[in-house]
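> One-letter residues, chain by chain:
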Amino acid sequence: QQPVQSPQAVILREGEDAVINCSSSKALYSVHWYRQKHGEAPVFLMILLKGGEQKGHEKISASFNEKKQQSSLYLTASQLSYSGTYFCGTSAGNNRKLIWGLGTSLAVNP
Amino acid sequence: DAGVIQSPRHEVTEMGQEVTLRCKPISGHDYLFWYRQTMMRGLELLIYFNNNVPIDDSGMPEDRFSAKMPNASFSTLKIQPSEPRDSAVYFCASSLLDHEQYFGPGTRLTVT
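Chains as they are written, first to last, in the working numbering: chain A, 1 to 110; chain B, 1001 to 1112.
Just so you know, the hints here were simulated from the structure itself, not pulled from any lab data.
Computed from a predicted model, the values in this text were never measured in an experiment.
Be a bit skeptical, because a hint or two may be false.
Stated by the list, open to error - Per label pair, the in silico range of CB-to-CB distance: (1) A/E66 - B/A1002: 19 to 29 Å; (2) A/S81 - B/S1027: 20 to 30 Å; (3) A/Q2 - B/E1062: 18 to 28 Å; (4) B/P1054 - A/Y29: 34 to 44 Å; (5) A/D17 - B/N1051: 34 to 44 Å; (6) B/A1002 - A/H38: 18 to 28 Å; (7) B/K1078 - A/V19: 35 to 45 Å; (8) B/P1070 - A/D17: 25 to 35 Å; (9) A/R13 - B/P1061: 36 to 46 Å.
Claimed, not checked - Calculated cross-link-like contacts (lysine-lysine; reagent style DSBU-like; alpha-carbon spacing at most 30 Å): (10) A/K26 - A/K67; (11) A/K67 - A/K50; (12) B/K1024 - B/K1068; (13) A/K97 - B/K1024; (14) A/K50 - A/K26; (15) A/K59 - A/K97; (16) B/K1068 - A/K97; (17) A/K97 - A/K67; (18) B/K1078 - A/K97; (19) A/K97 - A/K50; (20) A/K37 - B/K1024; (21) A/K37 - B/K1078; (22) A/K37 - A/K59; (23) B/K1068 - B/K1078; (24) A/K37 - A/K50.
What the hints assert, rightly or not - Output of the computed footprint for chain A on chain B, the stretches with three or more beta carbons under 8 Å from beta carbons of chain A: (25) 1060-1074; (26) 1104-1111.
Glycine included, C-beta positions come from ideal geometry on N, C-alpha and C.
Put together the whole structure using the sequences plus the hints.
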């Protein structure tokens, strides 16, 4: 099942914070976060693994609640360059098969 | 490194024609993924390879789709015959053991 992302879209002013959520109906092994700008390829931001290991972007943080099968991406002091669509990809096991959410569109205005 | 290379970048073809999409992964990466992206369905994993061997092809829509990886530096995704509903952006991505996937620029396929 495809994970559900919320909100679908958010508009911020530069400097504001945002939280993007990703929920799954299945037990998760890992959650991956990517950002895609219009007309470009997705770019890796963050991976969170079962057991707490986390690797990712220096200015973006995330959490992974294994019991609730949820992950949240925290964007603080947003910059114009943060604009784009954020996708979460989830895996149920220690493999490379990711199922992706439909994305959250983020627009940061001056 | 040049990153993941895909060709062509744009393809317009008529229904019923064969379409071949090509991908060159980042040198040294041992995983290769083919994705399809549409507005309605989002990003879908079609198939992925490890060390040139197909590991999971459960996302391949139907027998019209096939993918090969004859060596570590080249992969193809073929659609035969193509249909209008195949219109999408097709991405190839590669990765190492650390799970981070590097996506190519994509091929925008339009089937008329």
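> Taking 30 Å as the top limit, are the C-alpha atoms of B/K1068 and B/K1078 close enough?
holds (9 Å)
> Tell me if the straight-line CA distance from A/K97 to A/K50 falls inside 30 Å.
Since the Cα atoms of A/K97 and A/K50 sit roughly 15 Å apart, the hinted pair holds (cutoff 30 Å).
> Is 25 to 35 Å a correct range for the gap between the Cβ atoms of B/P1070 and A/D17?
violated (48 Å)
> Are the Cα positions of A/K37 and B/K1078 separated by 30 Å at most?
holds (27 Å)
> How about the segment 1060-1074 of chain B: do at least three of its residues have a C-beta closer than 8 Å to a C-beta of chain A?
The restraint on the segment 1060-1074 of chain B is violated, since only 0 of its residues have a Cβ under 8 Å from chain A and three are required.
> Range first: 18 to 28 Å. Now tell me if the beta carbons of B/A1002 and A/H38 are that far apart.
Holds, since B/A1002 and A/H38 (Cβ atoms, about 23 Å apart) stay within the stated range.
> Is 35 to 45 Å a correct range for the gap between the Cβ atoms of B/K1078 and A/V19?
holds (42 Å)
> Within 36 to 46 Å: is that where the Cβ-Cβ distance between A/R13 and B/P1061 falls?
holds (42 Å)
> Under a C-beta cut-off of less than 8 Å, do 3 or more residues of the segment 1104-1111 of chain B approach chain A closely enough to confirm the stated coverage?
It holds, with 3 qualifying residues against the three required.
> Mind checking the alpha carbons of B/K1024 and B/K1068 for me, to see if they're no more than 30 Å apart?
holds (12 Å)
> Are the Cα atoms of B/K1078 and A/K97 separated by 30 Å or less?
holds (21 Å)
> Could you grab the alpha-carbon distance between A/K67 and A/K50 and see if it respects the 30 Å cut-off?
With a Cα-Cα distance of about 10 Å, the restraint between A/K67 and A/K50 holds, given a limit of 30 Å.
The structure fails to meet hints 1, 4, 8 and 25 from the earlier list, while all remaining hints are met.
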